[in-house]
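All chains, full assembly: derive it from the sequences and hints.
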Amino acid sequence: MANKDVTDPARMEKIVSLCKRRGFIFQAGEIYGGLNGCWDYGPLGAELKRNLKDYWWRKTVQERDDVLGMDGAILTMEQVLVASGHVGGFSDPMSDCLLSKARLRADQIPEQDGTAVWFTGAGHPASNWSIQREFAVLVAPGKEIGEAHKTARRYYSEFLANKQISPKEIELVEDRREEVIGTTRFNPDNGSLLTEPRQFNLMLQTNFGATGEQIAYLRPETAQSIFCQYKNVLDSNRVKLPFGIAQMGKSFRNEINPRNFTFRSREFEQMEIEYFCHPDDGLRLTDEWLEERLKFYGEIGIPREKLHILDIPDGERAFYSKKTYDIEYEFPFGIQELEGVAYPTDYDLGVHEKGSGKSQLYFDEETKEKFLPHVVEPSAGCDRTVLALICEAYDEETLTDDKGKDDVRTVLRFVPRMAPIKVGIFPLLKKNEEQVRICKEIQKTLQPWMNVYYDDGGAVGRRYRRQDEVGTPFCITVDFDTLGEENPDLKDTVTLRHRDSMEQERLPISGLLSWLLERVR
RNA sequence: GCGGGCGUAGCUCAGUGGUAGAGCGCCACCUUGCCAAGGUGGAUGUCGUGAGUUCGAAUCUCAUCGCCCGCUCCA
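Heads up, the first sequence is in numbering that gives the first Met the number 0, so the first residue is 0 and it goes up one at a time.
The hints are simulated quantities; they were obtained by calculation from the structure and are not laboratory data. We put the beta carbon where it would ideally sit given N, CA and C, even for glycine. Errors might be hidden in some of the hints.
[As the list claims (entries may be wrong)] Straight-line distance between alpha carbons at most 30 Å, and here's what the computed BS3-like set of lysine-lysine pairs gives: (1) Lys239 to Lys357; (2) Lys142 to Lys239; (3) Lys19 to Lys404.
[As the list claims (entries may be wrong)] Beta-carbon label-pair distances, calculated as ranges: (4) Ala72 to Ala139: 36 to 42 Å; (5) Asp188 to Asp394: 46 to 52 Å; (6) Tyr31 to Glu336: 46 to 52 Å; (7) Glu143 to Pro8: 47 to 53 Å; (8) Gly354 to Leu512: 51 to 57 Å; (9) Gly41 to Gln204: 26 to 32 Å; (10) Tyr31 to Glu504: 21 to 27 Å; (11) Arg20 to Gln204: 35 to 41 Å; (12) Lys249 to Arg176: 51 to 57 Å; (13) Arg316 to Gly510: 50 to 56 Å.
Printed below as a string of structure tokens:
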């Protein structure tokens, strides 16, 4: 997949700024310096995210007969995650080579014998620069000790690289020799000392019980509670295969390296479906779900041509998955995954059947067949999709006024159904009591149906631009015509201004609600 | 986790050892008959945090936290 990854860091910076300035997304714990990999949604961000989640739930659960919702616990039993393979699945001890920075599996390093030569530091003979860090090199039996000095010079020279000193000029302060047998603390490739092994476990753990002796994990994905409750859902809801269980909610991963704004966070929200089916239908349904999901992205304003579908080839998929599509979006920081549509067959039900000792078989009344259902898993990242919505919506437009002066208009072009605020309501003149009164009336009428925003600050043009910047698709202005001052025919009509075209039209107040509802749902 | 860059007002940034600033934004009032007009007044910072050096630190040193870029990782 030749990723013609085009990145635009300047654009991304502007988006991050706008998110903070207008209250979409803040860094968690910012006043204390910030918590790495965690983000808070401000008022507008919360509305946007809610719109996305509500639409996903509506389309996935409420408007389908074959998908049911659930909402599982975040705290997860250890046994569940042992069975699923998450415990132990990624907790390998890793060591880094101090010289080459290579990362090695500590438990796969072959045993070595030889002489370990320890150095306590290095300096430059003609200056007072010195480095006190400890370093060591393993010299195999029968080899020259001088090799160790060469390697150590290379190691210390890196610290002095910015001082323009060549490795030869470095004087090792002190060395100490130690005979070792069966050590695994050195890189077999170059003899360099390795860092102490560190566990890399991607799950967050917590303790509870009176003395905190009991272990639980914050779930690393929402899927496991669906698998564990699949039988209960089946037994309590009179459903037949194929059917799905959908869940939205928080998941947690101890990401080594959170990056790219909210894209890779330690705490994030998922929107997952497990679609249970007969083994014969799995591959076909995987393709059908892919299409279904692509349609969804179109409906929330992410155009098909900005999405890339990766058909993950054999050997690169998780071992239990028979088919995996990644749906990727062109973020300003590169083409990155929004959603995976996978076909993990009966892997999860199988491991939980084994782990719990409880049968997970399905009995088909019609065919009299008993089998372990397969599952198709469309798993979307909610926060990633919110970020994609913002990135996709962000636009800067150069306008030229009557005097020929250029002006940049910043607009978030959300599709109306995703927009945090659906309509702004302004009196043309805030000192006109009648206009203000009518505005408040309109606000009251619309508020039970959608998020509206009343504004009377500054000139009306400024209010339009303020709403452009947060993506409000429509603005209503109550003016002198509304009062019927010039032309009685225009009494009780308002100006409706469109965000994208900046065009205006006149609508009767009585028709506003239905006109808007048609466009914002 | 490694390497590099950066952290000063809500935002963008200037300020390199001697009284913390600008533009934009924000708030109030005036003005304003439809696209960031104008006027007047105003608020906002332990200069990311903590130590150290110094008579004196936004500025120098160290540590730490966070952000960005490149690696690495992403079961």
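Right, here's what the structure says about each hint:
no. : hint                         : verdict
1   : Lys239 to Lys357             : 20 Å, holds
2   : Lys142 to Lys239             : 71 Å, violated
3   : Lys19 to Lys404              : 29 Å, holds
4   : Ala72 to Ala139: 36 to 42 Å  : 54 Å, violated
5   : Asp188 to Asp394: 46 to 52 Å : 51 Å, holds
6   : Tyr31 to Glu336: 46 to 52 Å  : 31 Å, violated
7   : Glu143 to Pro8: 47 to 53 Å   : 49 Å, holds
8   : Gly354 to Leu512: 51 to 57 Å : 54 Å, holds
9   : Gly41 to Gln204: 26 to 32 Å  : 30 Å, holds
10  : Tyr31 to Glu504: 21 to 27 Å  : 49 Å, violated
11  : Arg20 to Gln204: 35 to 41 Å  : 37 Å, holds
12  : Lys249 to Arg176: 51 to 57 Å : 54 Å, holds
13  : Arg316 to Gly510: 50 to 56 Å : 54 Å, holds
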